[in-house]
Amino acid sequence: MKAAERLRAGVIGVGYLGRFHVEKYHALPEVDLVAVVDTDLDRACEVAGRYGAQAYASHLEALPELDVVSVVVPSDQHYAVAADCLNAKVHTLIEKPMTATLEEAKALIDLAQRNELCLAVGHLERFNPAVLAIRERVQKPMFIEVHRLSPFKQRGTEVNVVLDLMIHDIDIVLAMVP
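Numbering of the sequence shown is given in the working numbering, commencing with residue 425 and proceeding in unit increments.
Any given hint could turn out to be false.
What the hints assert, rightly or not - Under the rule of at most 30 angstroms between Cα atoms (straight-line distance), these lysine-lysine pairs were calculated in the DSS-like manner:
id	residue 1	residue 2
1	Lys520	Lys448
2	Lys564	Lys448
3	Lys513	Lys564
4	Lys520	Lys530
5	Lys513	Lys530
6	Lys564	Lys520
Unchecked claim - Cβ-Cβ distance ranges computed for the label pairs, FRET-style:
id	residue 1	residue 2	range
7	Gly473	Pro602	13 to 23 angstroms
8	Arg550	Leu573	11 to 21 angstroms
9	Ile558	Ala504	14 to 24 angstroms
Think of the hints as simulated: they come from the structure by calculation, not from any bench.
All residues carry an ideal CB built from backbone N, CA and C; glycine is no exception.
Given only the sequences and the hints, what does the whole structure look like? Please build it.
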(Lines of atoms letter the chains of each structure in order from A and count residues from 1; the text may use other names and numbers.)
(Lines give C-alpha, C1' and ligand atoms only; values in the text may rest on other atoms or scores of the structure.)
Protein backbone atom coordinates (compact mmCIF):
# COMPACT_ATOMS: atom_id res chain seq x y z
CA MET A 1 0.00 0.00 0.00
CA LYS A 2 1.35 3.42 -0.95
CA ALA A 3 1.92 5.96 1.80
CA ALA A 4 -0.66 8.27 0.19
CA GLU A 5 -3.31 5.55 0.59
CA ARG A 6 -2.79 5.13 4.31
CA LEU A 7 -5.43 6.43 6.67
CA ARG A 8 -4.43 8.98 9.29
CA ALA A 9 -6.28 8.03 12.47
CA GLY A 10 -6.84 9.59 15.84
CA VAL A 11 -8.57 8.79 19.10
CA ILE A 12 -10.36 11.45 21.12
CA GLY A 13 -10.54 10.36 24.75
CA VAL A 14 -7.98 7.86 25.99
CA GLY A 15 -9.45 6.67 29.24
CA TYR A 16 -10.20 2.98 29.70
CA LEU A 17 -12.02 2.34 26.38
CA GLY A 18 -10.07 4.86 24.33
CA ARG A 19 -6.85 2.97 24.91
CA PHE A 20 -8.34 -0.05 23.15
CA HIS A 21 -9.09 2.12 20.11
CA VAL A 22 -5.49 3.37 20.13
CA GLU A 23 -4.17 -0.22 20.21
CA LYS A 24 -6.45 -1.32 17.35
CA TYR A 25 -5.53 1.60 15.07
CA HIS A 26 -1.84 1.11 15.84
CA ALA A 27 -2.07 -2.57 14.87
CA LEU A 28 -3.72 -1.94 11.48
CA PRO A 29 -1.11 -2.05 8.69
CA GLU A 30 -2.98 0.44 6.49
CA VAL A 31 -3.39 3.03 9.25
CA ASP A 32 -1.06 5.59 10.79
CA LEU A 33 -2.09 6.53 14.31
CA VAL A 34 -1.20 10.22 14.25
CA ALA A 35 -3.20 11.81 17.08
CA VAL A 36 -4.15 10.98 20.64
CA VAL A 37 -6.43 13.52 22.29
CA ASP A 38 -7.44 13.85 25.92
CA THR A 39 -8.35 16.81 28.09
CA ASP A 40 -5.77 15.36 30.49
CA LEU A 41 -2.70 16.26 28.43
CA ASP A 42 -0.40 14.16 30.62
CA ARG A 43 -2.51 11.09 29.83
CA ALA A 44 -2.56 11.98 26.12
CA CYS A 45 1.23 12.38 26.12
CA GLU A 46 1.75 9.07 27.90
CA VAL A 47 -0.44 7.13 25.46
CA ALA A 48 0.76 9.00 22.36
CA GLY A 49 4.39 8.48 23.35
CA ARG A 50 3.88 4.74 23.63
CA TYR A 51 2.52 4.54 20.07
CA GLY A 52 4.48 7.26 18.28
CA ALA A 53 1.56 9.65 17.85
CA GLN A 54 1.15 13.35 18.57
CA ALA A 55 -0.65 14.27 21.81
CA TYR A 56 -3.31 16.98 21.93
CA ALA A 57 -5.47 18.43 24.72
CA SER A 58 -8.08 19.69 22.23
CA HIS A 59 -9.69 17.65 19.48
CA LEU A 60 -10.09 20.81 17.42
CA GLU A 61 -6.30 21.05 17.09
CA ALA A 62 -5.98 17.43 15.95
CA LEU A 63 -8.80 17.27 13.39
CA PRO A 64 -6.90 18.83 10.44
CA GLU A 65 -4.40 15.94 10.67
CA LEU A 66 -7.02 13.16 10.46
CA ASP A 67 -8.93 11.09 7.94
CA VAL A 68 -10.69 8.95 10.54
CA VAL A 69 -11.30 9.28 14.27
CA SER A 70 -12.78 7.41 17.22
CA VAL A 71 -14.81 9.50 19.67
CA VAL A 72 -14.41 7.88 23.08
CA VAL A 73 -15.29 10.76 25.38
CA PRO A 74 -17.96 10.71 28.12
CA SER A 75 -21.35 9.96 26.57
CA ASP A 76 -22.81 13.39 27.25
CA GLN A 77 -20.07 14.90 25.04
CA HIS A 78 -20.54 12.55 22.05
CA TYR A 79 -22.76 14.87 20.02
CA ALA A 80 -20.63 18.01 20.29
CA VAL A 81 -17.32 16.26 19.63
CA ALA A 82 -18.67 14.11 16.78
CA ALA A 83 -20.27 17.16 15.15
CA ASP A 84 -16.89 18.91 15.23
CA CYS A 85 -15.29 15.85 13.60
CA LEU A 86 -17.90 15.62 10.85
CA ASN A 87 -17.74 19.37 10.20
CA ALA A 88 -13.97 18.94 9.78
CA LYS A 89 -14.67 16.25 7.13
CA VAL A 90 -13.33 13.37 9.24
CA HIS A 91 -14.90 9.90 9.10
CA THR A 92 -16.13 9.19 12.63
CA LEU A 93 -16.65 6.18 14.88
CA ILE A 94 -18.54 7.01 18.08
CA GLU A 95 -18.60 4.76 21.10
CA LYS A 96 -22.11 3.90 22.23
CA PRO A 97 -24.45 5.48 22.98
CA MET A 98 -24.32 7.54 19.82
CA THR A 99 -25.94 10.58 21.45
CA ALA A 100 -28.21 11.43 24.36
CA THR A 101 -31.23 12.19 22.15
CA LEU A 102 -32.76 11.03 18.90
CA GLU A 103 -32.62 14.58 17.56
CA GLU A 104 -28.86 14.74 18.11
CA ALA A 105 -28.40 11.36 16.42
CA LYS A 106 -30.44 12.47 13.41
CA ALA A 107 -28.41 15.68 13.20
CA LEU A 108 -25.13 13.72 13.12
CA ILE A 109 -26.48 11.35 10.47
CA ASP A 110 -27.56 14.32 8.36
CA LEU A 111 -24.18 15.99 8.80
CA ALA A 112 -22.35 12.82 7.77
CA GLN A 113 -24.55 12.38 4.70
CA ARG A 114 -24.15 16.00 3.61
CA ASN A 115 -20.36 15.69 3.91
CA GLU A 116 -20.32 12.19 2.33
CA LEU A 117 -18.63 10.72 5.38
CA CYS A 118 -18.82 7.40 7.19
CA LEU A 119 -20.41 7.65 10.63
CA ALA A 120 -20.55 4.51 12.76
CA VAL A 121 -21.42 3.57 16.33
CA GLY A 122 -19.34 1.07 18.30
CA HIS A 123 -21.98 -1.64 18.66
CA LEU A 124 -19.58 -4.53 19.02
CA GLU A 125 -21.43 -7.07 21.14
CA ARG A 126 -23.12 -8.49 18.03
CA PHE A 127 -19.62 -9.72 17.09
CA ASN A 128 -19.00 -11.36 20.47
CA PRO A 129 -18.16 -15.05 19.81
CA ALA A 130 -20.93 -16.14 22.20
CA VAL A 131 -23.51 -14.06 20.32
CA LEU A 132 -22.25 -15.34 16.96
CA ALA A 133 -22.61 -18.92 18.22
CA ILE A 134 -26.20 -18.27 19.31
CA ARG A 135 -27.02 -16.68 15.95
CA GLU A 136 -25.84 -19.85 14.20
CA ARG A 137 -28.14 -22.01 16.34
CA VAL A 138 -31.21 -19.78 16.63
CA GLN A 139 -32.61 -18.81 13.23
CA LYS A 140 -35.96 -17.14 13.98
CA PRO A 141 -36.24 -16.32 17.67
CA MET A 142 -39.79 -15.82 18.92
CA PHE A 143 -38.85 -14.77 22.46
CA ILE A 144 -35.60 -13.35 23.76
CA GLU A 145 -34.96 -12.93 27.46
CA VAL A 146 -31.83 -11.09 28.52
CA HIS A 147 -30.14 -10.99 31.92
CA ARG A 148 -27.09 -8.88 32.65
CA LEU A 149 -24.89 -9.35 35.66
CA SER A 150 -21.89 -7.08 35.98
CA PRO A 151 -20.24 -4.95 38.63
CA PHE A 152 -21.25 -1.30 38.87
CA LYS A 153 -18.78 1.09 37.30
CA GLN A 154 -18.95 4.82 37.87
CA ARG A 155 -18.02 5.34 34.21
CA GLY A 156 -21.10 5.82 32.08
CA THR A 157 -23.35 7.26 34.77
CA GLU A 158 -23.82 10.51 32.80
CA VAL A 159 -26.47 8.66 30.75
CA ASN A 160 -29.22 6.27 31.80
CA VAL A 161 -28.76 2.50 31.92
CA VAL A 162 -30.72 1.97 28.69
CA LEU A 163 -28.29 4.10 26.70
CA ASP A 164 -25.20 2.85 28.52
CA LEU A 165 -25.80 -0.90 28.77
CA MET A 166 -29.17 -2.01 27.44
CA ILE A 167 -28.25 -0.60 24.05
CA HIS A 168 -26.00 -3.67 23.64
CA ASP A 169 -28.96 -5.97 24.26
CA ILE A 170 -31.15 -4.03 21.84
CA ASP A 171 -28.46 -4.18 19.17
CA ILE A 172 -28.04 -7.94 19.65
CA VAL A 173 -31.79 -8.43 19.21
CA LEU A 174 -31.75 -6.28 16.07
CA ALA A 175 -28.87 -8.37 14.72
CA MET A 176 -30.67 -11.65 15.48
CA VAL A 177 -34.15 -10.85 14.22
CA PRO A 178 -34.39 -10.49 10.43
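Each hint tested on the structure:
1. Lys520 with Lys448: 17 angstroms, holds
2. Lys564 with Lys448: 34 angstroms, violated
3. Lys513 with Lys564: With a Cα-Cα distance of about 40 angstroms, the restraint between Lys513 and Lys564 is violated, given a limit of 30 angstroms.
4. Lys520 with Lys530: Given pair Lys520, Lys530 holds - Cα atoms ~15 angstroms apart, limit 30 angstroms.
5. Lys513 with Lys530: 17 angstroms, holds
6. Lys564 with Lys520: The given pair, whose Cα atoms are some 27 angstroms apart, holds under the 30 angstroms limit.
7. Gly473 with Pro602: 13 to 23 angstroms: 47 angstroms, violated
8. Arg550 with Leu573: 11 to 21 angstroms: Distance hint for Arg550, Leu573 holds at roughly 20 angstroms.
9. Ile558 with Ala504: 14 to 24 angstroms: 37 angstroms, violated
Hint compliance for this structure: hints 2, 3, 7, 9 are broken, all remaining hints hold.
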